[in-house]
Amino acid sequence: RKEVEQDPGPFNVPEGATVAFNCTYSNSASQSFFWYRQDCRKEPKLLMSVYSSGNEDGRFTAQLNRASQYISLLIRDSKLSDSATYLCVVNQGTGGFKTIFGAGTRLFVKA
Amino acid sequence: DTAVSQTPKYLVTQMGNDKSIKCEQNLGHDTMYWYKQDSKKFLKIMFSYNNKELIINETVPNRFSPKSPDKAHLNLHINSLELGDSAVYFCASSQTQGSEKLFFGSGTQLSVL
Chain A
205 RKEVEQDPGP FNVPEGATVA FNCTYSNSAS QSFFWYRQDC RKEPKLLMSV
255 YSSGNEDGRF TAQLNRASQY ISLLIRDSKL SDSATYLCVV NQGTGGFKTI
305 FGAGTRLFVK A
Chain B
47 DTAVSQTPKY LVTQMGNDKS IKCEQNLGHD TMYWYKQDSK KFLKIMFSYN
97 NKELIINETV PNRFSPKSPD KAHLNLHINS LELGDSAVYF CASSQTQGSE
147 KLFFGSGTQL SVL
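So the sequences go chain by chain: A and B.
Letter by letter, the first sequence follows residues 205 to 315 in this note's numbering.
Letter by letter, the second sequence follows residues 47 to 159 in this note's numbering.
It should be emphasised that the hints constitute simulated quantities derived from the structure, not laboratory data.
Certain hints may be false.
Here are the computed lysine-lysine pairs in the DSS-like style, where the Cα-Cα straight-line distance is at most 30 Å [unchecked claim]:
no. : chain 1 : residue 1 : chain 2 : residue 2
1   : B       : 90        : B       : 65
2   : A       : 249       : B       : 98
3   : A       : 283       : B       : 147
Could you build all of it, start to finish, from the sequences and the hints given here?
Okay, here's the thing in structure tokens:
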């Protein structure tokens with residue numbers, strides 16, 4: 205089982221749609237969780253951290269369920285500029301902090 | 047000013063050659079990393095340095111040797127390049143180990159012919 209697994213994608217949605225990405229992680233000792241965004245041929249950039257209580261940043265909502273080892277990202281009112289690959293990221297604290305990236309889910313938002 | 051800069055942006059070379067990629071960060075961060083992103087876009091950590099000391103060394107061939115002359119620089123030297131080394135290599139930094147935010151360089155596209 206991969207350490208971090210994401211929906212395979214790609215997701216093709218119209219502008220204005222709501223889209224949800226799911227992610228699971230295998231190491232129950234994982235300590236912190238994030239969503240990164242990567243545009244085509246660019247470097248990954250932090251989108252938001254994910255907290256147990258859930259957190260929101262504008263149109264983006266992230267949720268964490270530690271019991272199920274599950275993370276989600278909800279994007280409301282999709283914009284064309286949201287088209288990118290969304291990477292689920294987990295920090296493991298064993299043997300030196302290690303940041304593990306999921307393979308990413310590609311999102312295409314169409315006009 | 048670019049926060050994390052790596053050079054070169056593109057590197058095309060023949061099998062068997064030796065090449066280096068340089069990385070510098072001007073953020074005052076303690077921790078630097080090298081990641082490899084293969085053709086399937088899977089981003090995998092290779093090395094992590096904290097204050098010039100090697101912290102993480104994943105299962106990477108000995109042909110890959112990182113060097114950190116000071117905490118602002120982390121270079122990657124690759125000996126005897128192979129076809130399978132073709133990928134995008136990203137340098138990154140974070141304030142400390144396990145810090146929330148990783149700052150990435152713009153990547154080096156390595157093509158081994």
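Straight-line alpha-carbon gap residue 249 of chain A to residue 98 of chain B, limit 30 Å: 24 Å, holds
30 Å limit on alpha-carbon distance, applied to hinted pair residue 283 of chain A and residue 147 of chain B: Between residue 283 of chain A and residue 147 of chain B the Cα gap is close to 25 Å, so the pair holds against 30 Å.
Pair hint residue 90 of chain B and residue 65 of chain B, alpha-carbon separation not exceeding 30 Å: 20 Å, holds
Checked against the numbered hints given earlier, this structure breaks none of them.
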